[in-house]
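For the protein sequence lines, the chains are A and B, in the order given.
In terms of numbering that gives the first Met the number 0, the first sequence is numbered consecutively and its last residue is 120.
In terms of numbering that gives the first Met the number 0, the second sequence is numbered consecutively and its last residue is 120.
Heads up, some of the hints might be wrong.
[Said to hold, decoys possible] Restricting the straight-line Cα-Cα distance to at most 20 Å, the calculated cross-link-like pairs of lysine-lysine (PhoX-like) are: (1) K9(B) - K71(A); (2) K80(B) - K66(B); (3) K9(A) - K80(B); (4) K71(B) - K85(B); (5) K21(A) - K9(A); (6) K66(A) - K85(A).
In case anyone wonders, no lab produced these hints; they're calculated from the structure.
Number of protein chains: 2
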Amino acid sequence: MMIEVVNLTKKFSLVTEHWDPKIIAQLNDYHLKIAKIEGEFVWHSHPETDEMFLVMDGELTIHLRDKLLHLKQGELCVIPKGVEHKPSAVGECQILMVEPAGTLNTGDAGGEMTIEKIDWI
Amino acid sequence: MMIEVVNLTKKFSLVTEHWDPKIIAQLNDYHLKIAKIEGEFVWHSHPETDEMFLVMDGELTIHLRDKLLHLKQGELCVIPKGVEHKPSAVGECQILMVEPAGTLNTGDAGGEMTIEKIDWI
Numbered sequence: 000m001m002i003e004v005v006n007l008t009k010k011f012s013l014v015t016e017h018w019d020p021k022i023i024a025q026l027n028d029y030h031l032k033i034a035k036i037e038g039e040f041v042w043h044s045h046p047e048t049d050e051m052f053l054v055m056d057g058e059l060t061i062h063l064r065d066k067l068l069h070l071k072q073g074e075l076c077v078i079p080k081g082v083e084h085k086p087s088a089v090g091e092c093q094i095l096m097v098e099p100a101g102t103l104n105t106g107d108a109g110g111e112m113t114i115e116k117i118d119w120i
Numbered sequence: 000m001m002i003e004v005v006n007l008t009k010k011f012s013l014v015t016e017h018w019d020p021k022i023i024a025q026l027n028d029y030h031l032k033i034a035k036i037e038g039e040f041v042w043h044s045h046p047e048t049d050e051m052f053l054v055m056d057g058e059l060t061i062h063l064r065d066k067l068l069h070l071k072q073g074e075l076c077v078i079p080k081g082v083e084h085k086p087s088a089v090g091e092c093q094i095l096m097v098e099p100a101g102t103l104n105t106g107d108a109g110g111e112m113t114i115e116k117i118d119w120i
């Protein structure tokens with residue numbers, strides 16, 4: 000059985016686009032994904048699942064309807080299912096996400112930033 | 000609704016014992032756990048679940064029956080369910096784990112290193 004060691008720095012170096020999540024590992028029916036982000040995403044929620052964000056580099060702001068969450072490198076948060084949120088980053092930010100396989104990046108919002116099929120990297 | 004930003008450095012600073020995992024976040028029915036480890040753990044497997052290890056500081060060796068996995072800071076691996084493994088670390092190592100809530104640290108092996116009830120920190 001092939002069990003791979005995944006180096007996050009190497010994986011992030013392969014990501015060329017912002018807001019283009021890539022799968023780096025599978026845990027049961029969950030995917031670990033990485034993304035480079037910069038600028039503003041769209042407001043959305045995931046009606047069926049919580050979503051974890053861990054900042055590996057840079058700074059992430061998650062807009063909630065009633066406040067802002069500011070996350071630096073080494074900080075994480077879990078956005079509960081159904082809670083509207085909008086990730087944003089002033090400079091480039093590298094994030095690790097954990098969520099069920101098949102979770103859409105734009106959740107219930109859809110739109111042009113939706114990645115219908117997230118690839119492995 | 001309370002959504003908390005979790006700082007991993009702060010959480011690790013609260014961990015005083017080796018091989019004593021603590022829960023830092025919940026994602027659906029999964030727990031994110033941290034642990035400080037040093038020395039050798041016991042051979043075990045988790046018949047019902049995969050298990051993810053991400054090294055936040057130090058170096059982790061995971062013994063498999065047919066090879067060794069060496070993980071440095073920023074490296075992760077997923078041990079598939081049912082695969083026997085034995086984590087070890089020469090110096091202190093800080094790890095982040097993702098696995099279903101209720102997963103026993105010693106899996107099917109039991110023994111004195113088992114933590115029956117893992118607390119939040």
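For each hint, the structure was consulted:
1. A threshold of 20 Å between alpha carbons decides the hint, and for K9(B) with K71(A) the separation of about 13 Å falls inside it, so the pair holds.
2. Between K80(B) and K66(B) the alpha-carbon distance is near 17 Å, which keeps this suggested pair within the 20 Å criterion.
3. Proposed proximity of K9(A) and K80(B) is contradicted: the alpha carbons are some 26 Å apart, above 20 Å.
4. Among the hinted pairs, K71(B) with K85(B) is consistent with the structure: their alpha-carbon atoms are about 16 Å apart, no more than 20 Å.
5. Distance hint between K21(A) and K9(A) is fulfilled; the C-alpha atoms sit about 13 Å from each other, no more than 20 Å.
6. Distance restraint check for K66(A) and K85(A): the Cα-Cα separation of roughly 11 Å lies within the 20 Å cut-off, and the hinted pair is therefore satisfied.
Hint compliance for this structure: hint 3 is the single one not met.
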